[in-house]
Amino acid sequence: MLLRVSSELQGHKVDLAAITDPKAADASGIPQAGVLIAFADAVVGRDDGELGRAREAVLDDLGAVGLVDAAAVASNFERMVRIADGCGIPLDPPIVVLSEDVRDDLGLDQFASAASTPGQGFLGRSLGPVLRAVVPRLLRIAGSFRRS
Amino acid sequence: MGVDFANVGFPVREDLRESHREAWRRLASPGSWWSGGERVAIAAEVRAARDCALCTARKGALSQSAVTGVHDGPGELPGAAIEVIHRLTTDSGRLSKSWFDRVRADGLDEGAYVEIVGVTVTVVSIDSFCRGIGVPLHDLPEPLEGEPSRYRPAAACDDGAWVPMLPNRRARGDEADLWTTLGTGNVIRAMSLVPDEVRTLNLLSASHYLSMEQMTDLRKGREGITRQQIELLAGRISALNQCFY
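Residue numbers (the numbering used here), protein chains in the order written: chain C, 7 to 154; chain S, 3 to 247.
These are calculated hints, taken from the structure and not from any lab test. Take the hints with a grain of salt, since some may be wrong.
Unchecked claim - Using C-beta positions, here's what the derived DEER-type ranges look like: (1) S/Glu-147 <-> C/Glu-62: 42 to 48 angstroms; (2) S/Gly-185 <-> C/Asp-115: 40 to 46 angstroms; (3) S/Val-10 <-> C/Pro-135: 44 to 50 angstroms.
Unchecked claim - Facing chain S, from chain C, some residues (calculated, C-beta under 8 angstroms): (4) Ile-25; (5) Asp-47; (6) Gly-72; (7) Ala-77; (8) Phe-83; (9) Pro-96; (10) Leu-114; (11) Ser-119.
Where a beta carbon is used, it is the ideal one built from N, C-alpha and C, also for glycine.
Okay, chain S solo, but in the shape it has when bound (with noise of 0.2 angstroms):
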């Protein structure tokens, strides 16, 4: 099933269709540090992990790392790519900066992480609404070709995260449509050391939860649930995931 919702019974607002594709097609097209193939195969990853038998014996484990083993998936990424994208996928909430560290050191580069996350985050929750509505998953795209552009923005720095970010002022020269305030949530510019991750979030955030403008107006709902109702689903979601944030 390509990105349509024709046939689910009820009507799904254009926005989400649209965005969906659009992310769609940003998946398929090189990115900063991995190519459109590779960016579909962390997409595959991520679809794997669901039913990852290591994943599942480490979800159940005090200790992530007393549990040993190889994921189950298509593994056609690197050993570390392959172990962020499911251990992001399955128990993000118990990852720490010492297994940053190890999946750095075991030779992920800080942009390709911060893309990986990107890339798993987009399949995570486009898989997850078509899940909550109950529709089969899209197909994965067709990779296009190309070379990633290896872009990294001069500005980022250290700013208390694991990942350099963009500092915490308004957005400027090729990153100035990143966020048009004074400053932004640490989780807005989490991901800006590849900056078409940040605008994939703001595409999929706009359909998904509340545009930029509408978030701040704390009043906002959508025409189905109130925003008290969207902020109780988000606080639970949050602390299911052990998502202190």
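For reference, chain C alone in the conformation it holds in the complex (with noise of 0.2 angstroms):
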């Protein structure tokens, strides 16, 4: 939900569905995103062959300051995965709200660790459209203050 919204405040409409099948990359919208699904993609692997290409080819692309950002980041969600997994937290409630229309078109509610997070009920479902129009423009609003 974090990049639809980073993108939306950015003026950009992304695919998410790079997400879940890496051949949607090129059709990401994002900037370099194949080469950066293949690094994730490695560095979750057991393939140290494949590490090494996946690193080179962003060594080449994004530079020695893009691979060790981008390694940080995957190195902290491997981390971030592995709390919420292991501490069987629920979704927070907004955020089931908010990403409703994103779980169902990633298929995420498939994931074994969806059943630590109780079903919306009616009120959320039916608030759900409304609040996904409405919160991007307001964080972008926040954003512009912030700025200022």
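Build the complex: two chains, separate frames, hints provided.
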């Protein structure tokens, strides 16, 4: 959801399908998405040769600073997912409402860890579409206010 | 190799180096429920899990409970602790409440469990960074002497997770530094039964991802990658680990 909102805040539309389908990376609208997806896959994977090739590709496209940042972010989320799954936390209630369409599109509700989050009630399902339209605008206004 | 990126061949940010050094110092120190020696033993077990035959077999099985055996590794910790470390390291996306209840029934206290989560994720993350940039893993630190504090925050309560956590309001008292906003996300509160693990999480998140303040500005990226690219990586890593959160 942060990917969608951060993109909308900058006036870009992104196709989130790349999150679950690497073949969609080129159509995602995000620069170097294919290289970054391949790097993420190699970091999580066990093939050191694959990781070496993915690392070189990031170095070529994004430079050493980009590689360090990409490795730092990937390893950060190797930590966060295990905290969430290991502690059995539910998705935060506002995110449950705001992310319903993304979860549907990407099939995230099929993940076993979805069991930690109770289903949303009638009110949440009703408010979801409205909030998903309004919240990015509010965040954009808040961002403008912060910069000024 | 200690916590040093001197021979990498390209610059590594100083805040990353410093946060790794501090995380390693904390890893070696007595925690709330485990001694320094036991915490370093948890770290060693994390590294062993990567090549554990039982974990590999379970990862490929439709039902993990159908595959039985003994985990490969140093084996210096209680069996329930080893099970938690290996499962969290190699297949966290398929953990379930019934599995959690079983390891608790095997004698693992809630606080001890949360501290294992904290140490495990610290080591997984720092090792993953080193693999990512292609440098050797940091040597594990020498444990420091001392007894666990047995500290448990009085305000910790059942708030919908498997483990108790601090309520979603401004953090107070001895835990006032954990978050300074009116409330925070569940993933930050998740380990608050062991407040020092949240402190280490905050330390590493600020250098690996973004500080709490930077996170709220959704245009804010890093020097080498944009915020969109950051969130793309975050989303892909979460999906690969089958993390719903």
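Hint by hint, here is what the structure shows:
One distance hint, 42 to 48 angstroms for the beta-carbon pair S/Glu-147 and C/Glu-62, holds here, with the actual separation near 44 angstroms. Distance hint check for S/Gly-185 and C/Asp-115: the Cβ-Cβ separation is about 25 angstroms, which falls outside the suggested range of 40 to 46 angstroms. Taking the beta carbon of each, S/Val-10 and C/Pro-135 are about 48 angstroms apart, inside 44 to 50 angstroms as hinted. A least Cβ separation of about 4 angstroms between C/Ile-25 and chain S falls short of the 8 angstroms threshold, and the interface hint therefore holds.
Because the smallest distance between the Cβ of C/Asp-47 and any Cβ of chain S comes to about 7 angstroms, under 8 angstroms, the interface hint for this residue holds. Here the hint on C/Gly-72 is kept, as its CB sits about 4 angstroms from the closest CB of chain S, short of 8 angstroms. A hinted interface residue such as C/Ala-77 counts as satisfied when its beta carbon comes closer than 8 angstroms to some beta carbon of chain S; here the least separation is about 3 angstroms, so the hint holds. The interface hint given for C/Phe-83 is met, as the beta carbon of that residue sits about 4 angstroms from the closest beta carbon of chain S, less than 8 angstroms.
Using the Cβ-Cβ criterion of 8 angstroms, the hint placing C/Pro-96 at the interface with chain S is satisfied: the shortest such distance is roughly 5 angstroms. Because the beta carbon of C/Leu-114 sits about 6 angstroms from the nearest beta carbon in chain S, less than 8 angstroms, this interface hint is met. At its closest, the beta carbon of C/Ser-119 sits 4 angstroms from a beta carbon of chain S; the interface hint therefore holds under the 8 angstroms criterion.
Checked against the numbered hints above, the structure breaks only hint 2 and satisfies the rest.
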